[in-house]
Amino acid sequence: MASKGMGVLFLLGIFAVTVSQISAFPTPAEDDKAVVYNRRLTEERPIQEQIAEADDVKAAVESADTKPAVEPKEVKEAEPEQENDDFTLLKSLAEGQRSKETNETPVRESLEKEPYFPDESDSTKNRRLVEDYDSTKMENDDPESFRQVDGTPLTAEDIVQKIATKIYEEDDRGVFDRIVSKLLRLGLITDSQADSLEYEVAEALQDLITKNAKNNEIEDLGEDYPVTRGDQDDQNPDASMDVTGSPNRRYDEEDDDEDQAAIDDDVDRGEGVDTVDNTWDRESEGEGEEEERSEGERDEGNELSPEDGLQDLQYFPNFYRLLKSLDSEQDTQERETLITIMKTLIDFVKMMVKYGTITPEEGVSYLENLDAMIALQTKNKLGKTLGIPGIIPPTGKTPEDDDNTKAEAAKMQKEYENLKDSTKEEAPSTETRDHPGKSEIYLEAIRKNIEWLKKHNKDEGKDDYDLSKLRDFMDQQVDSYIDKGIIEKGEGETIKRIYGSL
Amino acid sequence: RRGGGSSETMNRFVSLVLLWTLAVLSTTGPVTGAEEGEISFEYHRYEELRKALVSVWLQCPSITRIYTVGESFEGRELLVLEMSDNPGTHEAGEPEFKYIGNMHGNEAVGRELIVYLAQYLCNQYQQGNESIIDLIHTTRIHLMPSMNPDGFEKAASQSGELKDWFVGRSNAQGVDLNRNFPDLDRIVYGNEKEGGANNHLLNNMKKAVDENTKLAPETKAVIRWIMEIPFVLSANLHGGDVVANYPYDETRSAASPDDVTFKSLAKSYSQFNPVMSDPQRAPCRKNDDDTSFTDGITNGGAWYSVPGGMQDFNYLSSNCFEITLELSCDKFPAEDTLKTYWEENRNSLVNYIEQVHRGVKGFVRDLQGAAIFNASISVEGIDHDITTAKDGDYWRLLAAGNYKVSAYAPGYLTVIKKVAVPYSPAIRVDFELESLVERKEEEKEELMDWWKMMSETLNF
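Chains A and B, in that order, are what the protein sequence lines are.
Quick note on my numbering: the first sequence kicks off at 29 and runs consecutively.
Quick note on my numbering: the second sequence kicks off at 8 and runs consecutively.
Just so you know, the hints here were simulated from the structure itself, not pulled from any lab data.
Backbone N, C-alpha and C fix where the C-beta goes; we use that ideal spot for every residue, glycine too.
Please note that the accuracy of each hint is not assured.
[Stated by the list, open to error] Quick list of in silico lysine to any residue cross-link-like pairs, SDA-like style, CA-CA up to 20 Å:
1. A/K486 <-> B/K397
2. A/K512 <-> B/G95
3. B/K397 <-> B/S442
4. A/K486 <-> B/Q131
[As the list claims (entries may be wrong)] Estimated spans, in silico, between C-beta atoms of each pair:
5. B/G100 <-> A/D494: 51 to 59 Å
6. A/K517 <-> B/Q165: 30 to 38 Å
7. A/Q358 <-> B/Q165: 52 to 60 Å
8. B/K293 <-> A/F501: 17 to 25 Å
9. A/K483 <-> B/N294: 50 to 58 Å
10. B/P314 <-> A/K517: 42 to 50 Å
11. B/E137 <-> A/K517: 33 to 41 Å
12. A/D494 <-> B/V444: 47 to 55 Å
[To be verified] So these bits of chain B aren't anywhere near chain A, every CB distance computed over 12 Å:
13. S62
14. R83
15. E257
16. V367
17. R372
18. M461
Isolated chain A (complex conformation) (with noise of 0.2 Å):
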C-alpha cells in the first residue's frame, strides 16, 4: 500500500471504481454539480473533527502553496511536472484530454439520487477551468486547515477536494486509506460513507487530472478530439506507449491507417471502419459539444511493454496480465480468443463514441470498468490475482440482476447496431427486451460466416463476397423467420443491424 507503483494502481482501481459509478467522466470544467456528496458526512459528524483528522493524518504529507488568485476550493493542482514514472502517467493522459469546454457533463447517477445537493460552489468550482497552474498555485489557505479563506467552514465537497488533492500530489492512494481507517475507526463515518467518500474523492481526484492536463500542454488542436481509449488503441499499435507532445493530433493522423490495420484483421468490420472513423471526426467537429476526453486515464499500463501486437490492449493491465497468464502453448486459442474479444469490446465502444450515442467519458469508463472487471473476475473465476490484489472490484453493479443484464446487454447491442447506420439518428431503441446473450451468440454465428466467406471466396479466387446481396439476401430470410415463428421481432432487428453494420 506504501509503494508508489501499489499506489497508482490503487489509484487506477480507484478510478475504476469510480467511473463505473458515474455515467461520464468529470470534466475539468465547471460542472460542479458534478460533484457528488454524501451530506450526511457532513451533517453527522463535525467539521472540526473531519478537519482534525485528516490534519493528523496530513501533517507530514503537507506541501502548502499557496494559490493566490484561486478559490481555495478549486485548486488542487499538483505539478505538472511530475517526475514521477506514474504520474507521466496521469499526466499523459491527461494530455490526451481535450477540453471542449465549459459545458458540464452530463449530471453523474448518484447525483441524481441526491438532488437536494446544494450547489454553493458551483461558482468557485467555474473558475477552476482557466487558472493555469503549477505547484505554486496552491489554495491559499493551508488545505490541512480544512477552513476556506474567508473564515466559513468546509463543506464535506471542501474535503473531498483537499483529499483528493494531497493524493494527487502525493500520488499516494494511501493518504485516502490513513483519513478514513482513522474515521471509521472513530466511528465517524461507517462503511458506506467510506465507500462514497472514496467515489467522491476519486472524482475529484479525476477532476485535479483533467483539469492539470487542460492547463498543462494543450495543444490547441482546434478540433475535437476524435477519438476515445479505444481508438487510441487501435491507432497506435506500434508507436509507444508514450502519449506526451500531441498526441491527438498524432492519433489522429494514424488514425485511418492504424485503425484500418489494427482493426481489420483481428475483429471482423468489414470496410466500414475507416469510413466511421472519418465520419466521426467530421461529425464530431460538427458537432461543437463538449466532450471529455479523460484519455489519460486509460493509459493505465504504461508500464507494460508492447509485445505481439497488443499495443492497443496494454491500455488494460488487468487484461493484459490475464493474457501473460495465458502463456502456455494450449492456451493459445483462449488467448486468441481473448483478444479478439477485447478489440471487439474496444472497437464498439469506439463506434457508440463516434456516433455520439455515449460521449467519450463514458466510453472511457465503460473501458476502465472493464479492466477493473477483469480484474474482478479472474479473481473470481479463476481463483487467481492478476497480480493488483488492491483494485477495489466495482460494487453494487455487477452481480446483480442477470435478467437486467440481459436486457441491459441486449440494448447495449442494438445500440451498437444503430452505429453504422449514418443516416440513423435515434437513440438507442428500447423497445426489444431480447435475452443479451441471444445476441452475442448470434453476432458469434455472423462473424463466423462472414469469416468463412472472406477465406472461402479467396480460397476460390473469386472475388470478395457480395455483401449488399448477402444482406439483402438475410433482411429477407429474416423477415420470412418472423412471420413464422421462428425469430423473434426483436432478434429479427437485432440481426438485420449486425448486417447492417458490417
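Go by the hints and put chain B onto chain A.
Frame of chain A; chain B shown alone:
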C-alpha cells in the same frame, strides 16, 4: 438519462462478456478435437433450442434453412433445420434424409444430439471437412431435434437430476405420439395374406389425416411432412435403452420384406457406437430382456410390440425407411454426460446419413424425356415397392447383392433391368418407359407402311 442507462448497460454487457470469456477459459479442458471445443454440451430448453438453431443458420446461411412443420399442442414450433447445398429446394436426384428426436419428451439425449449434429456439420463444413462437404452437397438433410417440445419442457422442469420415467413422455394432451400414428401394420399383414398393395397403404392419406380426430397436432404435422417431402431414409431417436431397432414394430412371426436391408442399415448405425455394439454390454436394467439384441440391433416386434408407431408408418405409407434408435439407458441423464453421448454417437450419426446413398437410384422418364411421377419401382424378391417423386427420381435402398429392378407405371410398358449392387455407393439406373399409346401408334404406323408397300407392289 441516456448516459446513465448506457453506463449501466455497458457494465452489464461487459460483465457478461467477461463472464463468458472466463467461463470458456476455465471450462475448456482437454478436448478430443477442435470440433468438440466449439460445441457447448448442454440441454436446450425451447428458447435455447430455437436460439441454437438460429445460430447455426446464421453461421452457415448458404447451406441451411430453418422451417417449421407445425405447432405443438401448446403452440411451440416443431422446428427443423435443413442442411443442403441448396436449402429450401428438392434437387432432382438428391435424396432426402431426416432425423427426428424427442418424440417422447422425457427422452432427451436424441434432442440434444441432433442440435450438436447441426452445429458439428456446420462447423465441419466451414473447416473444409471434405466428406461432410460432400455429404451436404449430395443430400438434403432435415434435422428435427424435438417432435414433442411440450413434453420436454415438462420433463425438464422437474427439479433435481433424477427424472421420472414417465413425466413428459407424452404430448401436452397426454398422447403417446409413438402410438398415435395410423396403424398400417395390420393392413399390410392382411394384404400379404390375401393380396393387395404392399406400399402406400394409407388411402386418401390427406383426407384421412385431416379428418382423424384422434391424431395429436404433432402427429398430424409430421404425417403431412412425410407426405410432402419424398424422404428416403430416416431415424427416430429415443432413450431408455441402447439399440438400433428396425421394422416391423408390431409383433408377428414374419419379418418385413426389407429385413435384409433394414438389418444392414441398423448395423451401420450400431457399429460406430461403441456402447451399442458392445456384445458384453450389460442390459440397462437387471431384468431387461435383450435376447433379441444382436450386434446392437433388433427387430422391433421381436423386442416388444409397438402398434401405431412412427417407424412403421414411414415404411408403410411412404417410401421412407425409418429405424428407431435407442440411445441411452437413462432417458434424461445428467447434463455433464451429454458430451460423452455425443462422442459415442457422432460417427454413427454421420455415417447413418451416408447410408442414404446406397442401393439403386435414378430417373423414370417417358420416351420424350418427361418425368413420370409415381411410377413404381419393384425389386424381384422383395415385396415392397417404392415410387418415383415429382421429378421422376427414385432411390431404392438395397443391401449388396444382385437384383432385378423393374419400373412400372399405368399406361406404360414395364421395363426390367438387372443390377449388381455394391455395399455403396448407389448404382444409377434410369428407365425410359414407353407408353401403351405410343406403342399402339408405332404398330399402326408399321401397319400403314406395310400396306403401302404392299399396295405399290401389287398395284392396289
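So which of those numbered hints doesn't the model satisfy?
-> Per hint list: 1, 5, 7, 8, 13 and 14 violated.
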